[in-house]
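Participant: Next come the chains, spelled out residue by residue.
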Amino acid sequence: MTVDTVEFAAKTGDAPQPFAELGLKDDEYARIREVLGRRPTRTELAMYSIMWSEHCSYKSSKVHLRQFGEKAPKSDRMLVGMGENAGVVDVGNGLAVTFKVESHNHPSFVEPYQGAATGVGGIVRDILTMGARPIAVMDSLRFGAADHPDTRRVLPGIVAGVGGYGNCLGLPNVGGEVVFDPVYQGNPLVNALCVGVMPVDRIQTSAATGVGNVVVLLGAKTGRDGIGGVSVLASATFDADGPANRPAVQVGDPFAEKLLIESCLELFDRELVVGIQDLGGAGLTCALTETAAAGKAGMRAYLERVPLREQSMEPHEILASESQERMLAIVTPENLPEVLALAEKWGVLAAAIGEVTEGDRLVVSWHDEIVVDVPPASLADEGPVYERPLHRPADLDLVQADRAETLPRPSTVDELRQTLLRLVSSPNLASRAWITEQYDRYVQGNTVLAQPEDTGLIRLDEETGAGIALATDANGRYARLDPYTGAQLAYAEAYRNVAVSGSTPIAVTNCLNFGSPEDPAVMWQFAEAVRGLADACQRMGTPVTGGNVSFYNQTGTQPIHPTPVVGMLGVIDDVERRTPTGFRQDGESIILLGDTLEELSGSEWAWVVHGHLGGMPPRVDLDRERLLGEVLVAGSRDGLLSSAHDLSEGGLAQALAESVLRHGVGARIVLPEEFGAGTGPFVFLFSESAHRAIVTVPRSEELRFTEMCTARSLPWQRIGVVDAEGGALEVQDAFTVRVAELREAHEGTLPQLFG
Amino acid sequence: MSARVGVVTFPGSLDDVDAARAVRLAGAEPVGLWHADADLHGVDAVVLPGGFSYGDYLRAGAIARFAPVMEKIVDAAQGGMPVLGICNGFQVLCESHLLPGALTRNTHLHFRNRDQWLKVVNASTMWTQSYETAQEILVPVKNGEGCYVADERTLDMLESDGRVVFRYLRDNPNGSARDIAGITNERGNVVGLMPHPEHAVEALTGPSTDGLGIFTSVLQRLVTAR
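The listed protein sequences derive, respectively, from chains L and Z.
Everything in the first sequence is counted per this note's numbering, starting at 6 for the first residue and increasing by one.
Everything in the second sequence is counted per this note's numbering, starting at 17 for the first residue and increasing by one.
Treat the hints with caution; some may be incorrect.
Unchecked claim - Have a look at the derived ranges for each label pair, beta carbon to beta carbon: (1) Z:Glu148 - L:Thr715: 48 to 56 Å; (2) L:Gln563 - Z:Tyr73: 50 to 58 Å; (3) Z:His124 - L:Pro23: 29 to 37 Å; (4) L:Pro342 - Z:Arg186: 53 to 61 Å; (5) Z:Gln94 - L:Asp155: 50 to 58 Å; (6) Z:Glu45 - L:Pro756: 55 to 63 Å; (7) Z:Thr149 - L:Arg642: 57 to 65 Å; (8) Z:Asp172 - L:Ala745: 32 to 40 Å; (9) L:Gly592 - Z:Thr149: 53 to 61 Å.
Claimed, not checked - Residues of chain Z placed beyond 10 Å of chain L at every Cβ, according to the derived structure: (10) Phe82; (11) Asp91; (12) Gln94; (13) Ala118; (14) Thr123; (15) Leu154; (16) Glu175; (17) Ser176; (18) Gly191; (19) Arg203; (20) Glu214.
These aren't lab readings, by the way, just hints derived from the structure by calculation.
In this text, all values refer to a predicted model and were calculated from it rather than measured experimentally.
Built from N, CA and C at the ideal position, the CB exists for glycine as well.
Required output: the full structure, derived from the provided sequences and hints.
Facilitator: Here it is in structure tokens:
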């Protein structure tokens, strides 16, 4: 078979090309011809189709994402900002932390185990690329209805994939989310987060600089797996027949990745690389063009030097392959022998496949024939940008008018008790242990807190006790009701989850999961969510360090709920001071912080009991969230708090149930006077008002703590005591549930569904 | 001088850092041993840590057994040196025939990580002498292939010779025969167990500090032996 060379393309300008099949629009194809001054070769066309895909180019989201930069609060901590593989934050003591969350939604629906596994693998390489040792992962998962037969196909595979890959890499999985909602039936979400740490002076760059430097491909051989992953699979909607395209999903080899991690870290420590870039979506195409563009350099690559799994692969396949566990390093010719020897020590394949050149062209050959000759920036940075039309969803007024506050409520104490048991056993609120037990949370020996705690807390330094906290949160229902508020509620919950551990939130990553950007209603949701999140970050002084957009999450015309997942990073000076969740000490006071309003729209109660979604989500007051956070951090630092737990889905009732079940220690709750009558107890227990937490305080510290709250104008109420003797959650004048009954309700659900 | 305890790193070892930390917290000096290095660098005892050596793609521990360092370890163990295998390390010890039986896929087919109560059945091995017989300890268990199997005769022999070192209490997390969590060789210097004592050495990061006893046991032994 003859290869379509640059020379041949220049002579055959009118030959028809399959650009539409590759996902390129007429005007995009015309622009490629304009950039090149001729028709693209077959290989070049494949490269443009990948790099200009929605997934790689952010062509629909770019104009909105700019706000994260424009509204970014000043922060001395930011060492590397958005646009790199992952942002880097200074956490003091000479250490820097990098973290990012990324989606692998479509592959995980097509092939659950491998899709989820390579989702973890991909985000881990992003973290590694910055120079960091990956130290923990989290996963934010959304599935269709828990009792739908397809959820039984998808969930066990995804969970096993997340665990299989992360466990084998030796990365503790310290938290995340699992949410069920029929809206994700045809399009589950798999968002994986990774965090890494490095000495500040080990931060790496992806820029290919230094004419004559060698381009080295490290890691696995290149095969035919994952071709078209980003352009075909991630940048289009599933049709009504559901997923096909299995060959577009990559296959992971975590052992190869583990060796790649160790070898790269040694390369960094020995200062043997000039630049480094991981190969993920868009494979070699992305790595070559991005390193060259970042280095403002030219590059020459020889594809026949790429180690192949299948010798029959053609140039465009080699450049498009998304085979996993590969990295591209730029090294000086003097260091090349040492780099190759180091790779061999770790059993990692390494091949010099090209060099950095003068000028600004990326020239790629295949056995002496030039198949690519392009300006790399035209692929990496100068892709199309769209201002897509926005339109507020036509049904939104009706949806918002249909308030859950008008729904029938439990009217007797017995119904109230039944409501509690029904909610704690509902799939979204039930224990996640069946899932999280499939993840290693202990490896590396620095996990101070992990699920079912509110936050993952990792010790960075055994000497000083310095640590970091991480939480991910989102609520698609709130965002469906009002995407601006929904994004801010996700932000507020992640902020709160970090703060309850005693850590100070400092930076944000996000994964924005939405339907098709070609639907103006979806695009409006996206624009609103980004605006909400950017405003929240600005107000709270936590910059966005990076993230990921995932569009086309829909089957047919039915988009998912807008689902902006917020990942929050916090710091804590001494992990010994952290505040865990859970009641433990008999007689300690339970104090509720914040205001409880009658806010039931979008709540778990409305959904579980009435199958209802309507009204306006809970109100947002970010200043209150900050105040709550300050009190929680101060209480932790001063040793005033024994435990703390945020209030979110399921309200106070769920927080109390979880706090009781953490150590099997009961509590006696006294209803405040204003919630004593009528459906007051119900509102008190099940409202989902934001910016609230419960804490337990030793009697000896109670006055000091409550005086601090009063002095800072944070509303607080003493709502009960920890009761180790009683063995029950008792709400006085209402009901009592024994710990064993509560546990059975809470822990039985997922094993029954998936065990 | 303190005792020197080697911790082997195979490609794919994961809990080597944790094992070294546990050795240090127990008061001994951890020494890193590289799989390809056929030299024990004068260590007094060896820990084979948890992880997925060589990806565990063939059979857990099956390839690690042939690593150059293992040849030396097998010789040293037969000469009486204390050797501990944790999780993947236990699998390697079985594959190396230093311990009988094998570890197979958990009966429920899932990887399982939970805090597990164990009973110390034999408190006289080199790795368990700081415990009391029948003491109950809480340490994490985390494995996908932790189901201990052996033929009935071997199991009977292990029981009658007092070579069952740890037993799962209350809940058997992986379907192991007779709730066996750890065993020893005849001499009591080689011990293998699936649970992870190195993850229970600090109150801050573990469910207890019960795992420390394993490492203080060997240290005590080595110091008295001098």
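Participant: Now tell me if each hint is right for this structure.
Facilitator: Here's how the hints hold up against the structure:
About 51 Å separates the C-beta atoms of Glu148 of chain Z and Thr715 of chain L, a value consistent with the hinted range of 48 to 56 Å. For Gln563 of chain L and Tyr73 of chain Z, the Cβ-Cβ distance of about 41 Å falls outside the hinted range of 50 to 58 Å, so the restraint is violated. Taking 29 to 37 Å as the suggested C-beta distance range, the pair His124 of chain Z and Pro23 of chain L does not conform, at roughly 49 Å. In this structure the supplied range 53 to 61 Å holds for Pro342 of chain L paired with Arg186 of chain Z, their Cβ-Cβ distance being about 57 Å.
A hinted range of 50 to 58 Å for the beta carbons of Gln94 of chain Z and Asp155 of chain L is consistent with their spacing of about 55 Å. Distance hint check for Glu45 of chain Z and Pro756 of chain L: the Cβ-Cβ separation is about 45 Å, which falls outside the suggested range of 55 to 63 Å. For Thr149 of chain Z paired with Arg642 of chain L, a C-beta distance near 44 Å fails the hint of 57 to 65 Å. One distance hint, 32 to 40 Å for the beta-carbon pair Asp172 of chain Z and Ala745 of chain L, holds here, with the actual separation near 38 Å.
For Gly592 of chain L paired with Thr149 of chain Z, a C-beta distance near 37 Å fails the hint of 53 to 61 Å. No beta-carbon of chain L comes within 10 Å of the beta-carbon of Phe82 of chain Z; the shortest separation is about 14 Å. In this structure Asp91 of chain Z is separated from chain L by more than 10 Å, as the shortest Cβ-Cβ distance comes to about 25 Å. The Cβ of Gln94 of chain Z lies farther than 10 Å from every Cβ of chain L, with a closest approach of about 29 Å, so its non-interface assignment holds.
Separation of Ala118 of chain Z from chain L is adequate, the least Cβ-Cβ distance of about 20 Å exceeding the 10 Å criterion. Annotated as non-interface, Thr123 of chain Z keeps its C-beta farther than 10 Å from every C-beta of chain L; the closest such distance is 13 Å. The claim that Leu154 of chain Z is not at the interface with chain L holds, since no C-beta of that chain comes within 10 Å of its own (minimum 13 Å). Residue-level check passed: Glu175 of chain Z sits 29 Å from the nearest beta carbon of chain L, beyond 10 Å.
Every beta carbon of chain L lies more than 10 Å from that of Ser176 of chain Z, the smallest distance being close to 34 Å; the non-interface claim holds. The beta carbon of Gly191 of chain Z is kept farther than 10 Å from every beta carbon of chain L, the shortest such distance being approximately 14 Å. Distance check on Arg203 of chain Z: its Cβ is at least 30 Å (rounded) from any Cβ of chain L, clearing the 10 Å threshold; non-interface status holds. Separation of Glu214 of chain Z from chain L is inadequate, the least Cβ-Cβ distance of about 7 Å not exceeding the 10 Å criterion.
Hints 2, 3, 6, 7, 9, 20 from the earlier list are contradicted by this structure; the remaining hints agree with it.
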